[in-house]
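For reference, the chains in residue letters:
2 protein chains.
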Amino acid sequence: MSHTKDRKILVAVDGGDESSYALSWCINNVVDQNFKDTLILLYVKPPRVLYTSLVGTGYLFSNDIVASVEKYGNDVAQVVMEKSKRICKDLKNVKVEMQMEHGDPRDVICQTAEKLNVDMVVMGSHGYGLFKRAFLGSVSNHCSQNVKCPVLIVKRAKSNGGN
Amino acid sequence: MSHTKDRKILVAVDGGDESSYALSWCINNVVDQNFKDTLILLYVKPPRVLYTSLVGTGYLFSNDIVASVEKYGNDVAQVVMEKSKRICKDLKNVKVEMQMEHGDPRDVICQTAEKLNVDMVVMGSHGYGLFKRAFLGSVSNHCSQNVKCPVLIVKRAKSNGGN
Numbered sequence: 001m002s003h004t005k006d007r008k009i010l011v012a013v014d015g016g017d018e019s020s021y022a023l024s025w026c027i028n029n030v031v032d033q034n035f036k037d038t039l040i041l042l043y044v045k046p047p048r049v050l051y052t053s054l055v056g057t058g059y060l061f062s063n064d065i066v067a068s069v070e071k072y073g074n075d076v077a078q079v080v081m082e083k084s085k086r087i088c089k090d091l092k093n094v095k096v097e098m099q100m101e102h103g104d105p106r107d108v109i110c111q112t113a114e115k116l117n118v119d120m121v122v123m124g125s126h127g128y129g130l131f132k133r134a135f136l137g138s139v140s141n142h143c144s145q146n147v148k149c150p151v152l153i154v155k156r157a158k159s160n161g162g163n
Numbered sequence: 001m002s003h004t005k006d007r008k009i010l011v012a013v014d015g016g017d018e019s020s021y022a023l024s025w026c027i028n029n030v031v032d033q034n035f036k037d038t039l040i041l042l043y044v045k046p047p048r049v050l051y052t053s054l055v056g057t058g059y060l061f062s063n064d065i066v067a068s069v070e071k072y073g074n075d076v077a078q079v080v081m082e083k084s085k086r087i088c089k090d091l092k093n094v095k096v097e098m099q100m101e102h103g104d105p106r107d108v109i110c111q112t113a114e115k116l117n118v119d120m121v122v123m124g125s126h127g128y129g130l131f132k133r134a135f136l137g138s139v140s141n142h143c144s145q146n147v148k149c150p151v152l153i154v155k156r157a158k159s160n161g162g163n
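Protein sequence lines, in the order shown, are assigned to chains A and B. full-length UniProt numbering numbers the first residue of the first sequence as 1 and each following residue consecutively. full-length UniProt numbering numbers the first residue of the second sequence as 1 and each following residue consecutively.
Hints were generated in silico from the structure; no laboratory data involved. Please read these numbers as outputs of a predicted model, since none were measured by experiment. Please note: incorrect hints may appear among the correct ones.
You can't tell identical chains apart in this list, so a pair holds if it fits in one copy or across any two.
[To be verified] DSBU-like cross-link-like pairs, simulated, lysine-lysine; straight-line CA separation at most 35 Å:
1. LYS71 with LYS95
2. LYS115 with LYS45
3. LYS83 with LYS36
4. LYS36 with LYS8
5. LYS5 with LYS71
6. LYS89 with LYS5
7. LYS148 with LYS83
8. LYS89 with LYS148
9. LYS115 with LYS71
10. LYS148 with LYS36
11. LYS8 with LYS85
12. LYS71 with LYS85
13. LYS83 with LYS71
14. LYS85 with LYS148
15. LYS71 with LYS45
16. LYS8 with LYS83
17. LYS95 with LYS36
Based on the provided sequences and hints, a complete structural model is requested.
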């Protein structure tokens, strides 16, 4: 590699196996520990309406349920962040930043990539599995079309046993 | 980077600016000259029917025209290969292989990636510009969905002046 500036690499994480694999693959194949890359781990908490699919109904009536669902969302975010941090624990000379945002992951990933002026976006191909691709549409497809910098879409090969 | 094996990186080239930029970006940001990566430059010569769009008609009647169009296709292939080779000329410890295939680039890229068991596919986001995306559909979209290994889609940012 002969890049001359420190790079900012945005990795979209969602706690799923494919997103964790994408992060590991990126660390092993793209991140350059000699060049002070910055790795920005972005978790996008989907908007509340999406959580309703988890409780099996289109409507939420009780504040208690709203609060529990909200708490569930925060717990998920916490778990995702911890899991992602663990994957990065052995990195040297690489700054790892965590970022959490709310909204439709498709839009938020594109907006964050632009706002932070990152050099590359990395993501799994089937992200946000909890919320079903059919519901959100393909996040990776949307981002590869709309993000203005290079996008690396990491698919976990079936024959691939690990990281 | 901490990958332990020599990697095979397949780069789809079509002679366009975006594909050349994708190749340069890959060399500067992904290829590791300390690890004996192999760079496979794949040019897919579209099937003859696609050339008809160049002569402004859906049908070709004369063998002479068929022969000229065929020759045009071979000349394009030659130019693409030469241009791609020049981009790679300063690489050290990296094996550069050229490969030319015929067919629908979408299928051929996916099949070649699988056949050669590559570790990564790199391509521009608007490849095969000569033949219009509307005609072929988006090559990069198709490949990012169907190739079984990680796919890097490189878009040339508007603010980006060069390689």
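- Which numbered conditions among the earlier hints are violated in the structure presented, ordered from lowest to highest? 5
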